[in-house]
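Residue numbers (my numbering), protein chains in the order written: chain A, 41 to 290; chain B, 41 to 290; chain C, 41 to 290; chain D, 41 to 290.
There could be a bad hint or two in this list.
Repeated chains share a single entry, so a pair holds when one copy, or any two copies, can fit it.
To be verified - Okay, derived cross-link-like pairs now, DSSO-like style, lysine-lysine, Cα gap no bigger than 27 angstroms in a straight line:
{"no.": "1", "residue 1": "K83", "residue 2": "K217"}
{"no.": "2", "residue 1": "K83", "residue 2": "K186"}
{"no.": "3", "residue 1": "K169", "residue 2": "K240"}
{"no.": "4", "residue 1": "K156", "residue 2": "K104"}
{"no.": "5", "residue 1": "K264", "residue 2": "K104"}
Think of the hints as simulated: they come from the structure by calculation, not from any bench.
Protein chains: 4
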Amino acid sequence: MVCTVHFHERPELNNPVLIEGLPGIGFVANIATLHLIQELKAKLFAELHSSAFQDFAITAEQGKTNVPMNEFYYYKGQSGERDLILLYGNTQALTTMGQYELCGRVLDVAEEFRCKYIITLGGLRREEKIINPKLYCAAADKEALKDALNMGAEILGGQIFGVAGLLVALGKLRGFKGFCLLAETAGFHPDVRAAHLTLKPICEMLCLNVNLSRLDVAAEATRKILESFGLLEAPMNERRKEESEFRWFV
Amino acid sequence: MVCTVHFHERPELNNPVLIEGLPGIGFVANIATLHLIQELKAKLFAELHSSAFQDFAITAEQGKTNVPMNEFYYYKGQSGERDLILLYGNTQALTTMGQYELCGRVLDVAEEFRCKYIITLGGLRREEKIINPKLYCAAADKEALKDALNMGAEILGGQIFGVAGLLVALGKLRGFKGFCLLAETAGFHPDVRAAHLTLKPICEMLCLNVNLSRLDVAAEATRKILESFGLLEAPMNERRKEESEFRWFV
Amino acid sequence: MVCTVHFHERPELNNPVLIEGLPGIGFVANIATLHLIQELKAKLFAELHSSAFQDFAITAEQGKTNVPMNEFYYYKGQSGERDLILLYGNTQALTTMGQYELCGRVLDVAEEFRCKYIITLGGLRREEKIINPKLYCAAADKEALKDALNMGAEILGGQIFGVAGLLVALGKLRGFKGFCLLAETAGFHPDVRAAHLTLKPICEMLCLNVNLSRLDVAAEATRKILESFGLLEAPMNERRKEESEFRWFV
Amino acid sequence: MVCTVHFHERPELNNPVLIEGLPGIGFVANIATLHLIQELKAKLFAELHSSAFQDFAITAEQGKTNVPMNEFYYYKGQSGERDLILLYGNTQALTTMGQYELCGRVLDVAEEFRCKYIITLGGLRREEKIINPKLYCAAADKEALKDALNMGAEILGGQIFGVAGLLVALGKLRGFKGFCLLAETAGFHPDVRAAHLTLKPICEMLCLNVNLSRLDVAAEATRKILESFGLLEAPMNERRKEESEFRWFV
């Protein structure tokens with residue numbers, strides 16, 4: 041397994057918080073992070089490629105090709121805002137081992153920029169129709185748990201699949217603080233409401249001055265990326281039988 | 041595949057016996073070892089993490105997150121009791137290669153503390169209802185086989201899946217003595233009776249002064265851990281079709 | 041995973057173009073490249089073997105055995121023709137990781153001979169009957185995209201599976217220019233028409249003086265190789281259920 | 041993947057032939073090689089273990105445990121007999137990559153003892169009832185092909201799965217001569233007749249003075265080993281659905 045990070049720049053950051061925004065249930069983290077990148081004009085400083093990503097190319101706008109990848113953006117906070125490292129991407133790793141390696145590399149990058157606090161976002165899939173989606177949380181430590189509970193989140197029981205769970209739990213082993221914040225969602229399509237639900241308290245906690253009214257733009261962009269991955273044509277339940285490699289997309 | 045051991049302490053042990061207590065059929069080893077840890081107040085001295093464990097986080101009591109892991113505890117025997125290394129955990133590795141690597145690391149730790157004798161425990165799944173469960177054994181060498189036969193165990197024919205079998209057989213290649221002791225069980229739920237059946241003669245053999253009347257406490261704790269892994273909600277046969285990664289849980 | 045290249049010769053080439061010709065949908069690239077090798081009398085200069093290829097031997101004419109492999113041929117252009125590196129083979133890698141490693145090695149070879157431009161060919165599977173198959177393209181850069189659009193290809197949306205997509209997209213990360221050219225095809229059998237459709241504009245672009253009237257000879261040879269792989273006996277849809285390792289053969 | 045060879049002895053051999061005898065279709069190679077080992081009193085000189093073998097222990101006679109393994113035996117020929125290296129074992133590797141690595145290690149051992157000729161044996165599964173089973177062959181080179189054709193074998197078309205094919209084809213890449221000899225068989229149970237059919241001409245070619253009348257003893261021993269692997273209880277077709285790891289057992 042090979043997972044490499046290529047740096048464009050090595051920014052000076054002041055006690056940054058890492059926000060994870062990879063695709064997952066409801067694309068909650070994906071939408072929220074893309075919105076932060078766009079609204080804050082966060083700057084791309086590193087790209088991550090893994091041989092545990094899909095072995096296909098994705099055609100982008102205007103006939104360009106890309107491989108699946110993860111990207112690191114940074115934002116230097118202004119007037120009291122917290123500095124950020126934003127992990128954005130169009131995929132998670134396809135294998136268990138690949139997920140561990142991916143999280144390891146992300147933590148390496150976080151450490152290099154003296155980040156000590158990790159926030160992962162995600163959706164919590166519910167079969168039934170959700171009228172008033174709730175927030176759930178799990179944390180690496182007491183302090184971060186308190187931060188999450190202060191957002192009105194309830195304590196989650198069970199497993200947290202994929203990078204959202206693994207990054208906080210593996211980070212804990214390496215001394216990071218942080219929490220995972222999940223919003224209830226139907227799960228398969230980009231869920232703007234769930235993204236809003238997670239992003240609002242995060243912005244408050246980090247004193248980020250972000251307008252959330254344009255979240256649907258990020259959701260629409262996410263929808264297009266998913267289409268280029270061929271993920272929105274068929275109901276997900278059916279697809280999953282065929283494409284077992286999308287294991288992280290539970 | 042990466043499998044690493046992180047030491048908290050390097051205890052001085054006198055000819056310790058390693059007892060394996062990872063989850064498996066009937067959670068026999070899991071319950072028995074957790075009971076030993078609790079009753080003997082065994083001390084955690086090392087943690088093992090593997091990229092062949094599940095790629096999710098588990099939420100524990102009070103909102104904390106953990107990754108799947110294996111732990112090493114030690115007990116310094118008193119008044120004639122044997123020194124122990126107890127291998128406890130909430131998972132085995134998900135891949136064949138991961139299981140070999142896991143056993144290799146466990147044997148490395150055993151060697152470092154001059155352990156020369158390995159006992160693995162487990163359940164032997166029976167379809168029919170079991171009135172009087174029997175003990176079965178297999179061993180790395182004649183001396184250990186005699187030890188196991190002295191417990192009233194019968195010689196087992198067939199395969200021993202997972203770490204219970206592999207650790208004894210791979211240990212044999214590296215000069216360890218030892219045996220595997222299996223109790224008949226229905227298999228899917230924590231089986232206190234089977235755990236008692238294996239643990240009782242082990243305690244006698246190792247002169248361990250342990251009260252077995254509270255074994256159900258360890259079984260209940262095991263049950264809770266399983267719930268946090270989502271393993272107890274559906275009958276295991278059905279689950280196995282979906283979750284082929286739980287291959288070691290045969 | 042081990043992927044090794046064994047060189048027979050290290051030719052001096054002048055700004056060569058790499059043309060990828062591994063098996064895939066409609067065997068378009070496979071037929072086209074075999075034809076170029078035969079017509080141009082291109083010379084074998086390196087062989088590539090991977091432990092991610094199939095673990096069987098293939099019997100060839102006259103009782104010989106071969107393992108699955110990829111081969112590199114070169115052609116030194118005459119009177120204005122472009123120098124070529126031709127990648128030909130009877131398989132792609134069976135795993136995602138193997139595909140990444142394979143593409144990495146191919147790019148290593150391309151770099152060593154100062155190749156800066158990669159052309160991959162392929163088929164675009166259509167369920168319905170195709171009367172007038174069209175060409176589609178995706179590119180690493182604007183210049184190459186223009187080259188492909190000049191051939192009458194339309195811009196492709198979606199994913200490009202296997203080496204055809206991955207080689208261009210990973211090449212882009214390492215500074216290669218190039219494009220992927222796909223012809224519509226029914227997909228399962230060697231498709232001479234689709235191969236002709238891609239090869240004609242490629243020959244024009246590279247000023248290659250190649251007679252395309254004998255393309256059916258290359259298609260027939262490809263058909264025989266497929267038979268030796270056991271790939272033509274049953275409809276592919278049925279086979280895929282059984283032989284999931286032929287993942288790249290979508 | 042880790043594949044290691046442990047040597048008990050490093051015999052002096054004179055231009056030995058390697059005969060491969062791992063389990064496969066009809067257990068032809070397995071029976072034939074075990075018979076040679078027993079009749080010639082061949083001596084064990086090395087053991088091979090791989091993390092791509094099954095992750096279970098096998099209980100042997102008298103309660104002992106073993107891991108799956110491959111063994112190397114040697115025989116120093118007397119009065120004109122050829123020196124032999126015999127590869128015997130109770131499994132092949134479970135993964136493609138593991139098979140490549142296994143063959144690589146076997147070829148390393150063969151090279152170390154200056155072996156230049158490899159014979160692999162196997163069964164060729166036929167659906168229909170076989171009255172007069174025939175021999176088929178494929179070879180690394182012309183000379184070896186001639187040797188095999190002289191035995192009355194016909195040239196095989198198609199693939200040769202597993203170590204039987206891979207060892208000859210990968211050996212060819214490293215300069216070994218040799219052939220693969222397959223006898224028609226029904227496939228699932230140890231087939232004494234097919235083993236006899238392959239072994240007889242091999243003994244003649246190598247001037248081996250071996251009584252083939254006791255081949256059924258080796259077949260019976262093979263049957264017992266299979267039972268300890270749990271392979272003979274259910275019809276193989278059914279088992280294969282459940283136990284996809286026995287991929288090499290096609």
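Now for the hints, and whether the structure bears them out:
{"no.": "1", "hint": "K83 to K217", "in the structure": "both (24 angstroms within a copy, 25 angstroms between copies)"}
{"no.": "2", "hint": "K83 to K186", "in the structure": "neither (30 angstroms within a copy, 29 angstroms between copies)"}
{"no.": "3", "hint": "K169 to K240", "in the structure": "within (22 angstroms within a copy, 51 angstroms between copies)"}
{"no.": "4", "hint": "K156 to K104", "in the structure": "between (37 angstroms within a copy, 17 angstroms between copies)"}
{"no.": "5", "hint": "K264 to K104", "in the structure": "within (15 angstroms within a copy, 36 angstroms between copies)"}
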